[in-house]
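Please build the complex by placing chains B and C on the supplied structure of chain A, with the hints as guidance.
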Amino acid sequence: MKPTFSCEWLHSCAGCEMSLIDLGEALLPLLERMEIVHFPLLMDNKYTHWAGEGGEPELPAADLGLVSGGVANEEQVAVLRALRRSCQTLIALGTCATHGGIPALANEQPQTVIRAAVFADCGPVPLQTPSCLERVYAVDELVQPDLCLPGCPPRPEAIEAAIIAVLDGELPAMFGKSVCETCPTRREGRAATRIARRFLENADGEPNEELAQMRCLLEQGFLCMGPMTAGGCGGSGAPLCVRVRMPCRGCYGPVRPGGNPLLDMMNGLAGQGVDRRSVVDRRSLLRFCGAHVLIRPTPRSR
Amino acid sequence: MAQVVTINAVTRIEGHARIRIRLDDSGTVDDARVEITALRGFEQFVVGRPAEEIPRIVSRICGICPWMHHLAAARAIDGCFGVEPPRAGRLLRELCLVLAHIPDKILHFFFLAAPDFVLGADCDYRVRNVIGLARQEPELAARVARMRRLGQDMLARLGGKAVHPVAGVVGGFSRPLGRDERRELLVDAARLLDFGLFALDFARERVLDQCAAADQPGQVTTGFLGTVDEQGCLRLASGRLRLMRPDGTVREFAAEDYGHHLRELSEPWSLAKTVYAESWGEGFSLDPIAPRGVYRVNTLARLNVCDCIGTPRAQAELQEFRARFGRPAQATLLHHWARLIELVYASERVAELLADDRILDRDVRTPAVPRAGRGVGHVEAPRGTLIHDYETDGRGCITRANLIVGTTHNVAAMNLSVRDAASRLICHGACDETILNRIEMALRAYDP
Amino acid sequence: MSREMRIIAFCCNWCSYSAADLAGISRMHYPASVRIIRVMCSGMVHPEMVVHALDRGADGVMIIGCHLGECHYIRGNEIALARAEVIEETLEDLGYEPERFQLVWVSSAESERLVEAFRQMNDRLVRLSEAAELHPAAADTGATP
Numbered sequence: 001m002k003p004t005f006s007c008e009w010l011h012s013c014a015g016c017e018m019s020l021i022d023l024g025e026a027l028l029p030l031l032e033r034m035e036i037v038h039f040p041l042l043m044d045n046k047y048t049h050w051a052g053e054g055g056e057p058e059l060p061a062a063d064l065g066l067v068s069g070g071v072a073n074e075e076q077v078a079v080l081r082a083l084r085r086s087c088q089t090l091i092a093l094g095t096c097a098t099h100g101g102i103p104a105l106a107n108e109q110p111q112t113v114i115r116a117a118v119f120a121d122c123g124p125v126p127l128q129t130p131s132c133l134e135r136v137y138a139v140d141e142l143v144q145p146d147l148c149l150p151g152c153p154p155r156p157e158a159i160e161a162a163i164i165a166v167l168d169g170e171l172p173a174m175f176g177k178s179v180c181e182t183c184p185t186r187r188e189g190r191a192a193t194r195i196a197r198r199f200l201e202n203a204d205g206e207p208n209e210e211l212a213q214m215r216c217l218l219e220q221g222f223l224c225m226g227p228m229t230a231g232g233c234g235g236s237g238a239p240l241c242v243r244v245r246m247p248c249r250g251c252y253g254p255v256r257p258g259g260n261p262l263l264d265m266m267n268g269l270a271g272q273g274v275d276r277r278s279v280v281d282r283r284s285l286l287r288f289c290g291a292h293v294l295i296r297p298t299p300r301s302r
Numbered sequence: 001m002a003q004v005v006t007i008n009a010v011t012r013i014e015g016h017a018r019i020r021i022r023l024d025d026s027g028t029v030d031d032a033r034v035e036i037t038a039l040r041g042f043e044q045f046v047v048g049r050p051a052e053e054i055p056r057i058v059s060r061i062c063g064i065c066p067w068m069h070h071l072a073a074a075r076a077i078d079g080c081f082g083v084e085p086p087r088a089g090r091l092l093r094e095l096c097l098v099l100a101h102i103p104d105k106i107l108h109f110f111f112l113a114a115p116d117f118v119l120g121a122d123c124d125y126r127v128r129n130v131i132g133l134a135r136q137e138p139e140l141a142a143r144v145a146r147m148r149r150l151g152q153d154m155l156a157r158l159g160g161k162a163v164h165p166v167a168g169v170v171g172g173f174s175r176p177l178g179r180d181e182r183r184e185l186l187v188d189a190a191r192l193l194d195f196g197l198f199a200l201d202f203a204r205e206r207v208l209d210q211c212a213a214a215d216q217p218g219q220v221t222t223g224f225l226g227t228v229d230e231q232g233c234l235r236l237a238s239g240r241l242r243l244m245r246p247d248g249t250v251r252e253f254a255a256e257d258y259g260h261h262l263r264e265l266s267e268p269w270s271l272a273k274t275v276y277a278e279s280w281g282e283g284f285s286l287d288p289i290a291p292r293g294v295y296r297v298n299t300l301a302r303l304n305v306c307d308c309i310g311t312p313r314a315q316a317e318l319q320e321f322r323a324r325f326g327r328p329a330q331a332t333l334l335h336h337w338a339r340l341i342e343l344v345y346a347s348e349r350v351a352e353l354l355a356d357d358r359i360l361d362r363d364v365r366t367p368a369v370p371r372a373g374r375g376v377g378h379v380e381a382p383r384g385t386l387i388h389d390y391e392t393d394g395r396g397c398i399t400r401a402n403l404i405v406g407t408t409h410n411v412a413a414m415n416l417s418v419r420d421a422a423s424r425l426i427c428h429g430a431c432d433e434t435i436l437n438r439i440e441m442a443l444r445a446y447d448p
Numbered sequence: 001m002s003r004e005m006r007i008i009a010f011c012c013n014w015c016s017y018s019a020a021d022l023a024g025i026s027r028m029h030y031p032a033s034v035r036i037i038r039v040m041c042s043g044m045v046h047p048e049m050v051v052h053a054l055d056r057g058a059d060g061v062m063i064i065g066c067h068l069g070e071c072h073y074i075r076g077n078e079i080a081l082a083r084a085e086v087i088e089e090t091l092e093d094l095g096y097e098p099e100r101f102q103l104v105w106v107s108s109a110e111s112e113r114l115v116e117a118f119r120q121m122n123d124r125l126v127r128l129s130e131a132a133e134l135h136p137a138a139a140d141t142g143a144t145p
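Residue numbers (the working numbering), protein chains in the order written: chain A, 1 to 302; chain B, 1 to 448; chain C, 1 to 145.
With the rest of the complex left out, here is chain A (with noise of 0.2 Å):
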């Protein structure tokens, strides 16, 4: 008998999913392998029995499961914990789901002051919907997940890989270093200016020529977060938005576990003698890794 798969999204933008399905080819095979019980976005399994008021949903046993979005609302903390209960083994899958992602940068605020600044221009706030919670979570803050792979979204190969461990019997091994490691950029070990550039032009060095060429970006001035960052997102070849001369934002979330990009960044910059002041949004350095408390209201929000 095949070994049975499920696939649920929470608090997420789908972009894990499309990473998955971005495998092409190689996708139909590895379907294969397996019998779908639950995928809301490509097959048809409800929550039976339940419709989200009282009660707990249920899911299908599976072998494999697979999670992605953080959590915000109570809906999902029961159907995130059916799943887990439905599930083998469990892989958190994408930053949100791991760190809190993007939408944990809504964590600066209560979800209620949220809730109704969005709706002031536009009538009342809607009240038969789910819950929310008072911050959005990150998967393991809630149930324990067998293995979190992060990124925004992960690489398909770094999820087939994953998924054909799990059904191998084993848990991959993951990358373990930051974004600098396979980063081609020219580095002098000096800042070239005092501030932090906001990018507002392109960087410094010809576009035509090898990446090699071009100056780490961290060293021209733009806050490019590497160093801070699990690495991993253009395989062994170079980091994928350095590739189109983008600086770097973090999306794999920490590399250290439980590291705080925020105070890493700025206290790397110090030792630069980098300007401190020039950084013209510290939070947003933290804007893929929210959950975990990491971002929380500030005193003078509260």
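Don't take every hint at face value.
As a list, the in silico DMTMM-like pairs of lysine to aspartate or glutamate whose alpha-carbon atoms are at most 20 Å apart [to be verified]:
#, chain 1, residue 1, chain 2, residue 2
1, A, K46, B, D124
2, A, K46, B, E352
3, A, K2, A, D168
4, A, K46, A, E58
5, A, K46, B, D432
6, A, K46, A, E35
7, A, K2, A, E32
8, A, K2, A, E160
9, A, K46, A, E74
10, A, K46, B, E433
11, A, K46, A, E56
12, A, K2, A, E56
Calculated from the structure, these hints are not laboratory results.
Chains B and C in isolation, oriented as in the chain A frame:
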């Protein structure tokens, strides 16, 4: 006794929604609603951020159409900072936008919608999906998966990442296109066009007759909104908005003025706002017999509002479509047909843009200076007209944001369609899995 | 009545730790809220250690090093100074009042100065927590799972 039937969750759509159908004592449909159950608050949490970072943040609104949000935001921030991208920058942005429509349409038609038609709406739900389709038609499935990947790969070559792109920047594009890269892209674009024509032929043979049925569930009569250029031709990148009444009369306006024509309001059961055409002066009503202020966006709407399409093969298809269904065409399932005509247009337009030598120009970005201002960026996303509206302060940080995404325009019409489908299909309170799936099909056509 | 404060004080081995020792030998009184952690130099206290202490429930954190120019390792306290500026600014980003952190210079002979710094920090934190009790955060912020 009154009864409530819930479809939770609606599946094979690109987001989170459920349908709730209320039946009265005699088992007749009393009301039906589409409930959108997630709210992430982008409009709120982008406030205070440096505007040049916004295109890389709002792409995360949707992982299926990240390019549309990315580029609509880039266009809006151009407006805030008062910069106009050089021609090559504009061409590269349009190329990416139009190209991004291709994998999206392939995904929606073949992965999500086709199982209902090719395998049948009453087929067992465990088989009625893309895997079941792949088992029945392995060669077709392999080609579809390969072509979708090709489109995504081309986007990744142009913009670094296919999902959550980064190369659209305030003032233009992050790097110029090389001559060799262009040569390879042209070869691939020709393959996509072949596939687009094949897909339309395949659908004509196997699917589209079902979409054209006169008494299909989900019927509504509404107005339409889409984008056209100065000649009235279909546009996907920025152009003028054209709002059509149900009787076919049209009115054009610039995207900046959307607030004079469209109005947003909230309903207690949905976290997506509802939008209606305020400028028609008839108010808003979801009365199933005589709805007021309701219009639709998405593929069918775009083909209804445009006078013609600027590429030859798509134009021929449009003429045939119009000869058969009139203008405006109202049948909800015709969205699928219109989607495939747009697939042909997008493939032709990609080749056209790549063939233009001006796209190779090395000047792709106008440097910007942060300042206070307002900018409205608008594009046609696969799901419909997408509007991003921002204001900045003197430091160039966001002070206000308003976003109207494609599905939001369609919320009112989706509710009407689902209600119509439910009323037609549920008799004396009897409903089964097949009937519920047919109701979902009325919603799926909108690709929400 | 406010609860007892908890203050983590990172004291440099070569100055403030000796000053604290001297304060003890001299039987000087200072608030019981202070918990001293000996470090070899104020320059080795990474900002993350400060945030970690606050995350784990400390009310305030102090870094106490040698006067500028008197560092045992020549320039360690200059690094501490640069970092302190970063800490003060980023604490608010991370959801804490900047008053919860303080950098102080104390030589090994200045036990009175050290005790005074402890007292002032304690008083400041008591005032801060009293103000928070007077103006509690909005009650309805959403559910907890």
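Each hint, compared with the structure:
Straight-line distance between C-alpha atoms of K46 (chain A) and D124 (chain B) comes to about 13 Å, which keeps the hinted pair within the 20 Å bound. For the proposed pair K46 (chain A) and E352 (chain B), the alpha carbon gap of about 44 Å is over 20 Å, so the pair is violated. A threshold of 20 Å between alpha carbons decides the hint, and for K2 (chain A) with D168 (chain A) the separation of about 12 Å falls inside it, so the pair holds. Straight-line distance between C-alpha atoms of K46 (chain A) and E58 (chain A) comes to about 9 Å, which keeps the hinted pair within the 20 Å bound.
Restraint check for K46 (chain A) and D432 (chain B): the C-alpha separation of about 13 Å stays at or below 20 Å, so the hint holds. For the hint pairing K46 (chain A) with E35 (chain A), the CA-to-CA distance comes to about 16 Å; that is within 20 Å, so the pair holds. Between K2 (chain A) and E32 (chain A) the CA atoms are separated by roughly 9 Å; this keeps the pair inside 20 Å, and the hint holds. Under the criterion of a C-alpha separation no larger than 20 Å, the hint pairing K2 (chain A) with E160 (chain A) is consistent with the structure, at around 17 Å.
Between K46 (chain A) and E74 (chain A) the alpha-carbon distance is near 18 Å, which keeps this suggested pair within the 20 Å criterion. For the suggested pair K46 (chain A) and E433 (chain B), the alpha carbons sit about 11 Å apart, so the restraint of at most 20 Å is met. For a cut-off of 20 Å, the pair hint linking K46 (chain A) to E56 (chain A) stands: about 13 Å separates their Cα positions. Distance hint between K2 (chain A) and E56 (chain A) is unfulfilled; the C-alpha atoms sit about 27 Å from each other, more than 20 Å.
Consistency note: the structure conflicts with the earlier hints numbered 2, 12.
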